[in-house]
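Chemist: Make a model of the complete structure from these sequences and hints.
These protein sequences, in sequence, are chains E and B.
First residue of the first sequence? That's 0 in numbering that gives the first Met the number 0, and the numbers climb one at a time after it.
First residue of the second sequence? That's 0 in numbering that gives the first Met the number 0, and the numbers climb one at a time after it.
Don't read these hints as lab results, they were simulated from the structure.
Here the structure is a predicted model, which is why all the values come from computation and not from measurement.
It is possible that some hints are incorrect.
[To be verified] Listed next, the stretches of chain B that the computed footprint assigns to chain E, with coverage defined by at least 3 CB atoms under 8 Å from CB atoms of chain E:
| hint | region |
| --- | --- |
| 1 | 163 to 173 |
| 2 | 372 to 379 |
[Claimed, not checked] To be clear about the criterion: a stretch of chain B counts as covered by chain E if any three or more of its residues have a C-beta under 8 Å from a C-beta of chain E, and this derived list gives those stretches:
| hint | region |
| --- | --- |
| 3 | 117 to 128 |
| 4 | 198 to 209 |
Positions of the beta carbon are idealized from the N, C-alpha and C atoms, including for glycine.
Single-letter residue listing:
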Amino acid sequence: MAASSKQTDPNKPAFSKRRALFLGKDSDSIIKTFFGSNAMVAIVILALITIFLFKEGAGFMGLYHKSLEEYRLSGLEYVDILKEKREDYTELTRYLNDVKSDWINELKASGSSQAEISKAIFNPEAKALFLGYMRAGSDLKKFVKTKMDVAIEIRDQHTTNENLRETVENYTQRIAEIQSTSYTFSKEDRAKYTLLLRDHSRDNSLPSEEAQRFLKEADSITPEKALDQADRETFAMLLGLEAEKIEATIKPVDFNTTIKGVIDEQARYAEILDALEVSLTEVVATADAVQFNSPAIEERIATFKELNQKFFSNIDAHKAKLANWDQSAPVSIFQAASAFLTGKDWVTASDQQDWYGLMPLLSGSLLISAIALVFAIPFGVGAAIYVNQIAGPAERNFIKPYVEFISAIPSVVIGFFGVVVFGEFIRWFSQLDGFQWVPFFPIQERLNAFTAGCLLALMAIPTIFTLAEDAINNIPRHFKEASLAMGATPLQTTMRVIVPTALSGIISAIMLGFGRVIGETMVVLLCAGNRIKIPDFTEGPGVFFEPVHTMTGIIAQEMGEVVQGSLHYRALFMVGIVLFFISLIINYTAQWVVKRFSKLGD
Amino acid sequence: MSAQKAPHPFSKRKSRQAAFESFTTLFFRLATYAVIIAAGYIFFNIAYNGSKAVFMTKAPFINIAFLTQKPQTLHVYEPKEIYDELASIKAEILSSKAKKAALGSGAKTEAAAYSSQIETLEERYETLDEERKEGRLMYSDSEYRALPEPPSEELYAYNNYAYSGGGIGPAIIGTCLLVAGSIAIALTLGVLCAVYLSEYSRPGRVLQLIRLSILNLSGVPSIVFGLFGFGMFVLFFGWGVSMIAGWFTLAIMALPVIITASEESMRAIPKGFREGSLALGASKWTTIRTNVLPYALPGILTSSIMGIARVAGETAPIMFTAAFALRDQLPWEGLTKPTDFFFQGVMALPYHIYVVSAKIPQNEYTRNMQYGAAFVFLFIVGFFALSSIILRVKIRKKYKW
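Modeler: As structure tokens, then:
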């Protein structure tokens with residue numbers, strides 16, 4: 000800068016200090032470059048994070064695509080369609096059992112003794128209904144089970160083959176390595192060679208003198224003995240033999256023929272379904288004969304009948320779906336991508352098919368964030384307004400550092416508090432007699448979305464408070480003074496002048512609070528209940544008290560246990576990528592909101 | 000409003016507006032104090048329960064063993080007679096309760112009889128429980144192994160609880176090492192970056208990009224830093240789960256806070272300081288070295304302490320980069336060469352708290368360890384945060400340009 004322009008100046012002052020030049024630069028500009036390159040550190044790190052997340056996550060789509068292809072080729076997909084009907088039936092059975100337990104509870108409540116209850120439950124009509132319904136589906140269950148076993152066996156055989164092929168591949172590489180002239184025997188190789196020689200000499204198909212020769216060769220190998228070209232070739236030959244043996248164990252799977260074992264017997268399946276329909280209709284009809292003596296239970300039985308009708312009417316569509324299933328339909332890479340982004344299951348290490356769907360985790364994260372923000376926004380923004388506009392200086396000097404101090408509480412400590420105190424408190428509260436009118440009380444799990452959400456709110460409040468307070472503080476005094484001079488009360492000034500002017504800053508504060516909440520790990524890992532399932536939104540507000548799992552939680556929980564480079568490992572990195580981009584988008588939007596909607600001039 | 004008996008013309012009049020105002024003000028005040036009370040309760044709860052583990056009623060008043068020993072399995076021997084009787088009483092209470100519940104609404108006298116029975120049983124249970132507490136023997140693993148022979152199985156009922164005995168010494172040491180190393184790295188990088196931003200940079204594309212990156216970096220979730228550290232330091236550089244991998248991961252996390260804070264305190268120094276130096280013929284670098292950095296240093300350090308508190312409090316980034324759930328050796332034990340020191344995993348308090356609150360059951364024996372660790376950790380982090388806040392207030396008073 001100043002220094003370098005001096006040097007090009009022809010009228011150089013006589014007292015200018017001569018500067019040492021290095022690569023055409025003087026020391027000051029070198030120092031500047033040094034600092035400048037250091038300033039790039041933030042950019043470099045951001046780039047590195049992107050690179051490494053993608054490096055580890057990159058293989059996911061390919062592997063998942065392959066896995067989905069195998070899922071279709073092996074017929075597991077077909078079996079999953081078969082299972083749909085079985086699941087429906089199981090669901091209905093569960094519903095009926097539920098009705099039964101309701102009935103028992105009602106009998107208990109009406110003061111019947113144990114003997115009376117069992118008499119009512121086990122009279123022939125009731126027995127015909129409850130037991131009959133359960134027994135009617137045994138054929139269906141058996142059929143689906145056999146088909147599933149067949150499909151799983153095909154898939155497993157295929158996986159084994161893949162692994163074996165990889166081993167053979169490794170052998171081929173090894174042999175090529177050994178045959179190259181630059182190869183020298185390592186210690187392990189000597190041991191392996193000796194072992195192979197001995198093994199080979201025991202081979203019965205070998206002429207005895209040949210076997211003797213191998214044995215002698217094996218005995219002669221010592222760590223010092225130099226091994227020559229012949230040895231290398233023998234070693235390669237022996238390895239080749241071993242590879243051949245392994246290759247021989249590969250039982251190739253021809254999906255076109257194996258699939259027949261899965262999709263045959265469609266006619267029999269249709270028969271089973273028809274028989275099921277007939278027998279279920281019969282069983283359900285017996286319900287009329289049972290004396291429930293309770294309008295509520297009878298109403299539920301009526302619903303049950305309707306559900307059964309629905310079950311029957313779906314059978315044709317189900318059959319059509321089975322008939323339309325096509326093993327040879329190709330799986331596109333987009334299907335793999337959408338199976339990840341919109342998939343509803345996250346199932347790992349299962350004996351059937353592993354699913355890596357983002358939805359249960361994303362919905363859990365969003366649910367918890369929503370709960371947290373519902374609490375954090377009024378408290379955070381309210382406190383910011385209070386501290387900046389209403390509170391006196393003494394109060395302000397206490398509250399501001401205090402809130403800053405809250406932001407330093409480690410998240411794991413808050414999570415721990417949630418596990419030992421807050422979760423228990425919520426369960427205790429939901430079991431109080433005075434609150435039983437709340438429809439979803441008492442709650443079952445002490446660790447649920449609500450527990451985590453409340454604690455996360457406490458973590459988001461300092462962020463929202465500090466930034467919102469800053470935004471309010473930045474409004475020039477004359478806004479307030481003008482409003483007051485017009486005769487507005489302080490609260491009118493605050494609500495109609497100050498807050499609207501600071502709104503862009505407040506919104507950006509809320510967004511950054513959201514970013515903090517969705518990226519928080521330890522609290523959700525400890526307090527959210529960790530059940531991988533999309534929350535059941537049909538339950539109304541009860542959904543807030545369901546245990547959920549989150550994107551951050553799943554990474555923290557499963558990362559330590561996965562095999563490096565496996566599909567599961569890469570799936571976790573994919574979740575990390577999604578999380579990373581969500582946080583970037585939130586950050587960017589927060590800045591954009593401030594810039595775009597700021598009502599203050601520059 | 001209807002005029003009553005001629006009020007003072009400037010007195011506050013009751014109106015719907017005024018009522019609304021005071022109500023809204025009250026709402027804001029309540030919101031603020033609700034937050035303060037909620038956080039205060041967490042501090043109180045952890046400090047109260049944790050102090051039971053950390054402090055003692057006898058001299059030296061601080062439970063040195065808890066702060067220095069390694070986490071161990073706790074072996075508990077409870078007097079068998081009392082133990083069995085307690086179990087039978089508990090079963091009796093449960094069955095009485097079930098019978099009472101099964102009675103139905105009609106039999107009031109019977110229900111009352113059951114209630115009184117349950118009450119006496121519960122009293123008995125409590126007295127026995129006290130006896131059990133007095134009669135039980137507890138050994139941490141090292142003590143247990145030193146016993147000539149374990150207490151007889153006939154007299155005592157035996158249980159053991161992982162992680163519940165011993166102390167948290169290695170975890171405290173590990174946390175201190177992790178924090179010290181990561182802050183050293185973050186301060187070096189951060190201050191250098193801040194010098195450029197405040198002294199050399201000129202508005203333009205590059206500066207915008209740098210600022211945008213810093214802002215975005217501060218919003219990246221901590222678990223993503225953990226994944227990144229795992230991918231880059233642990234796997235790609237092949238450092239394994241090690242202290243040095245944790246240092247760099249944590250340093251990168253703390254960087255945005257430190258850069259922003261350092262830049263702010265450098266910019267707060269009046270222009271006159273620099274101009275005076277430059278006018279005397281000093282070079283830019285000399286000016287920075289003698290007239291900017293010394294005055295900015297207190298500010299940089301205090302704000303960095305806040306960074307320290309944040310870094311010390313994070314668990315997610317060290318979960319797969321640096322932390323071990325349990326390690327028998329202290330960091331300076333069993334090293335074959337000096338560099339091994341950097342390439343070993345350590346125990347860390349936050350991860351230890353996660354392990355003891357998620358992986359072991361909640362009961363009277365595990366509670367001590369759980370609360371004790373949380374309290375010590377909160378104390379350490381709180382100490383840093385508080386001193387940062389107090390120092391900053393003092394510095395603001397001292398330096399007023």
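Chemist: Just pull the numbers of the violated hints for me, sorted ascending.
Modeler: 1, 3
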